[in-house]
Amino acid sequence: MTAPRRTLIGVAGLAFLMGIAAFVVMINGEHNVHRGAFAGLFLATGWGFVGVGLWVWKQRPAGNIGPLMVAVGLSGLLKGLVFSNDSVVFAIASVGEVLIYAVLIQLLLSFPSGRLETRLDRLLVTIAYVNTTVVQLGVFLFTDSKAGCTRCPSNPLLIGHSEAAKVLEAAQLDISIALLGAVVAVLYRRWRSGTPGRARVFAPIVAVGGLTFLLLMAALVVEQAGLSSDISDAQTLALFASIACLPFAFLVGLLRSRFSEADAISELLAQLGEGGGRGALRDALADALGDPTLELAYWVPDQDAYVDADGQAVRVDPAPAGKVSTTIEHEGERIAAIVHSPGLAEERELVQTAGAAAGLTLRNERLDAELRAKVAELQASRSRIVQAGYEQRRRLERDLHDGAQQRLMALGIDLRMVRERIEHNPQGAAELLDESLHELNEATAELRELARGIHPAVLTNRGLHAALKGLASRSPVPVELLQTPADRLPPSVESAVYFVVAEALTNAARYSRAQTVTVGVVRDNGHVDVEVRDDGVGGADADQGSGLRGLQDRVAALDGRLELTSPQGLGTILRATIPCA
Amino acid sequence: MEPIAALRDNQAMRKTVLIVDDHPSFRASARRMLEADGYDVVGELDNGDGAVAAVEKLNPEVVLLDVRLPDIDGFEVTRRLLDANGASLQIVLVSSHDFTDLDEAVGASGARGFVAKSELSAEAISLLIR
Chain V
-8 MTAPRRTLIG
2 VAGLAFLMGI
12 AAFVVMINGE
22 HNVHRGAFAG
32 LFLATGWGFV
42 GVGLWVWKQR
52 PAGNIGPLMV
62 AVGLSGLLKG
72 LVFSNDSVVF
82 AIASVGEVLI
92 YAVLIQLLLS
102 FPSGRLETRL
112 DRLLVTIAYV
122 NTTVVQLGVF
132 LFTDSKAGCT
142 RCPSNPLLIG
152 HSEAAKVLEA
162 AQLDISIALL
172 GAVVAVLYRR
182 WRSGTPGRAR
192 VFAPIVAVGG
202 LTFLLLMAAL
212 VVEQAGLSSD
222 ISDAQTLALF
232 ASIACLPFAF
242 LVGLLRSRFS
252 EADAISELLA
262 QLGEGGGRGA
272 LRDALADALG
282 DPTLELAYWV
292 PDQDAYVDAD
302 GQAVRVDPAP
312 AGKVSTTIEH
322 EGERIAAIVH
332 SPGLAEEREL
342 VQTAGAAAGL
352 TLRNERLDAE
362 LRAKVAELQA
372 SRSRIVQAGY
382 EQRRRLERDL
392 HDGAQQRLMA
402 LGIDLRMVRE
412 RIEHNPQGAA
422 ELLDESLHEL
432 NEATAELREL
442 ARGIHPAVLT
452 NRGLHAALKG
462 LASRSPVPVE
472 LLQTPADRLP
482 PSVESAVYFV
492 VAEALTNAAR
502 YSRAQTVTVG
512 VVRDNGHVDV
522 EVRDDGVGGA
532 DADQGSGLRG
542 LQDRVAALDG
552 RLELTSPQGL
562 GTILRATIPC
572 A
Chain X
121 MEPIAALRDN
131 QAMRKTVLIV
141 DDHPSFRASA
151 RRMLEADGYD
161 VVGELDNGDG
171 AVAAVEKLNP
181 EVVLLDVRLP
191 DIDGFEVTRR
201 LLDANGASLQ
211 IVLVSSHDFT
221 DLDEAVGASG
231 ARGFVAKSEL
241 SAEAISLLIR
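Protein sequences, first through last, are from chains V and X. Count the first sequence with my numbering and you get residues -8 to 572, in order. Count the second sequence with my numbering and you get residues 121 to 250, in order.
Chain X with its partners taken away, still in its complex shape:
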C-alpha cells in the first residue's frame, strides 16, 4: 500500500487536461494515452462553442484542441480561451493535417504548440507544456 502523503504528491503533479475533438475514436485513444502517462483527463468536448464554458467549469491546465471542429475553427477557439483565461491556460493544437499546412496559423494563435495526430504521444505533449 502506498503512503498517503506520496499519493497526494503524485496527484498534485498530475496535469489536468480537457480534450476537445469531434471524433469519439480519437478522443478515446487520446484519453487512454494521456491517462497511461499520468495526466488527469478532466473532460471531453466534441465542439468548439462550449469550450470556454467547459474550461471555466473544469479548470484544466492543458487543453488538447483539434484545429478542425464542426462548428468553430480551432484557432478561433484558441483566441477565445486565451482571451478568457490568459496565457496560464496551455493549449496544444492537434490535427490530422501536417504542420506544414498550418505553421503560420499555429504560430500566430498563441497556443503552446502543435502536434500532428499521426505523431501524437504523451512525450510530444510534455515537451510543449510547462
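Pulled out of the complex, with its shape left as it was, chain V reads as follows:
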C-alpha cells in the first residue's frame, strides 16, 4: 500500500466518522429547528465534497483540487457540529463555523490548476481566511450564545457580552458581502475569457458556485437587515442545498475537462489522418486547442535552437510577449514547442497530450523544418561567400590601386624624366634611378604580400608546415608551432587550415594582448583538427567582425566546424575540425 493511498483511506475514515458525529449531533441538537433537513444536507454536502475530492485526489495526486475539496467537505461537517448540545463541541464548531466559505473560495479561485495564479486571487483568499478565523473568533469571544438562543449551550470562551461583538459581526458581514461579490465577478470573467473548451469545463462550477455565493450574499444581507428567522432558515436551507450540489458541479467540470481533452485529441487525430500540406499540423493543433494564434517551433539539435516550418529561427524561451510555450517530447526526446496564448497555460496537460498525440507527425515535420533550416543556413552561407568574394575583389582592387599601381605610375613618371635627363644631367638621372629602384622594390613587396593574401604560393610549393612557419615568423606575437601533419593534405583543406591560423594570429596580434600563441594541426581519424590558443585577455565574439564569419563559411563549405572559446580574462582558443578522408 503506498503512502498516498493510506492517506486517502485515512481521510475517508475521518470524514465518515465526522459525518456520523455531525448527523447524530444535528438530529439531537436542541437548538436545531430543521433537524432532519439540516442533517441530511450537511451530510450530503460534507460527504459529497470529501467523496469527489478523494476521487480527484487519487486521479491527480500532484494537484491541490482534491485536497481542497476534501477540506471543504470536512469544514462543512465541522459546521454541522455547531448544533451540539455540548458547550465545548459547540464552541469549537462555532469558531470554525464559517471556515467552509474561505476554503470554498480558495477552491473556486484555484480551479482547475489548484494554484492561485493571480495576486487578486491570493488577496481575496487571504481576506477570506482572516474573516472566517480571526474575525470569527473575535465575534464569538464577545457573544453570549444564550442571548438570542435560549436552547443553545453556553459559550465557554465568552469574555463578556459586549457591543464589540456587534461591531465585529457587522464588519465581518460587510467584508463577506464585498468578498463574495468580488469572487463572483472573478469567476464570471474567467469563464468568459477562457477558450471554448475551458468555458465548458467552467460552466457548471460558475453556475452552481455563483448561485451559492449569491444565496450566501442574500443570507448575509437578510442577517444584516435583521429579518425574520423563517426567511433566514429558508435561505440557509437553499444555500446548503446549493452547496450540496457544488461537489457534483466540480465532478461534471472535471469530467468535461477529461471529455473535452478526449474530444480535442480525437479531433486532432482525425485531422492528422486526413493529411495535408505544410502547416496542416499547426492548423489541426490550433483547432483542437481552440487557439487560432498558436504557433509551432521545431527543435533543431544541431543549431541548439528552435525554427519555424520555414526553417527560420524563432524565439521560444522566453516566449514572445503575450505568449506561453509548452515543450513537446516524443519518446523522451525534445522535438518541438507549442507557442500558445496564456489562456491555455492552465491546460498545459491538454497541450502536452495534444503534442504527444501529434508526436510522430511533429517528428516528421521537425525533420522537414530541420532540413529547411539547413537549406536556409546553406543559402545564407552561400550568399555570404558570394558577398565575401565581392568584397575580397573590391579590397584587392583597392589594394592594387592604392599600392603597387601608384608606385608603378610614379615609377613611370620618374623613368620618363630619367630619359630626358640622361644626356645633359647624368648625375640627376642616376639619383632618379635610385628613387625608381626604391619604388620598384616597394611595389614588388606590396605585390608579394597581396599575392600571399589571395593564395600563399609557399603553401602550394612547400606545404602546410612551411606556410605556417612563415605565418609564425611574421606574427608580432611569439608563436609556437606545436605540430603539423607529416603528409600533404588536400589543397582545399590545407588552404582552409592556413587561413584559420592566419586569421587567429591576426586577431591575437590585434586584440588579445597575448604573450604567446600556440598552433597545433593534427590529422586524426578522417579529419583534421586545428587549434590556435593564446594567453591573452579573451572576450572575443564570433559574431563580431567578418573575419571569423568568413572563416566559418570557408570551413562549413568543407563540412567542417569552427568553434571559438574565449572566456573573459582566460585567453582565446579557436578550433576547427575539417573532414579529411
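Hints listed in this document are in silico derivations from the structure and should not be mistaken for laboratory results. Given the structure is predicted, the values throughout are model-derived calculations rather than measurements. Take these hints with a grain of salt, some might be off.
Across the chosen pairs, the derived CB separations fall in these ranges [unchecked claim]: (1) X:R250 <-> V:Q370: 55 to 65 Å; (2) V:A371 <-> X:E243: 53 to 63 Å; (3) X:D218 <-> V:R306: 52 to 62 Å; (4) V:D532 <-> X:A173: 35 to 45 Å; (5) X:P190 <-> V:P333: 52 to 62 Å; (6) V:P417 <-> X:D166: 25 to 35 Å.
A virtual CB, placed ideally from N, CA and C, is assigned to each residue, including glycine.
Using the hints, position chain X against chain V.
Chain X in isolation, oriented as in the chain V frame:
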C-alpha cells in the same frame, strides 16, 4: 649670374600648381616632374575636402586633381572649385584609370582635361592649360 630683370620675367611665366592626390609617391614624382619643367608647385593636398580652402589660400593657376580621393570624388571637388573660383581656375584631372572609363564624366566636369597617370608628363599638361 642671370640679370635680375630676366629672372623676374622667368618667374612671372611660371604657372603655379596645387597637387591634390592621396598617394605620397605619386605626389613626389609629379612635383619633381612639374618643377623640372618650370612649374611652381605651391602646395600638396591628400584629400578633396580641403581643396576649396587650399585654393583660396594658395591661389594656384592650375590644380592637378586625382579623380579617386579617399573622402570626396574628384568630380565633386571639381564642381566645388569651379563654383568657388569660376572658369579661371584650370583643373587637370588625373587617374590611374584609362580615359575610356571616365570620358563622359570628364567631359561634363568642367575641368580643362584629363591625363592618365601612366602618361602623365609636363608636356601633356601644358597642352591642356592656357
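*Violated constraints from the hint list, given by number and in increasing order*: As far as the earlier hints go, not one is violated by this structure.
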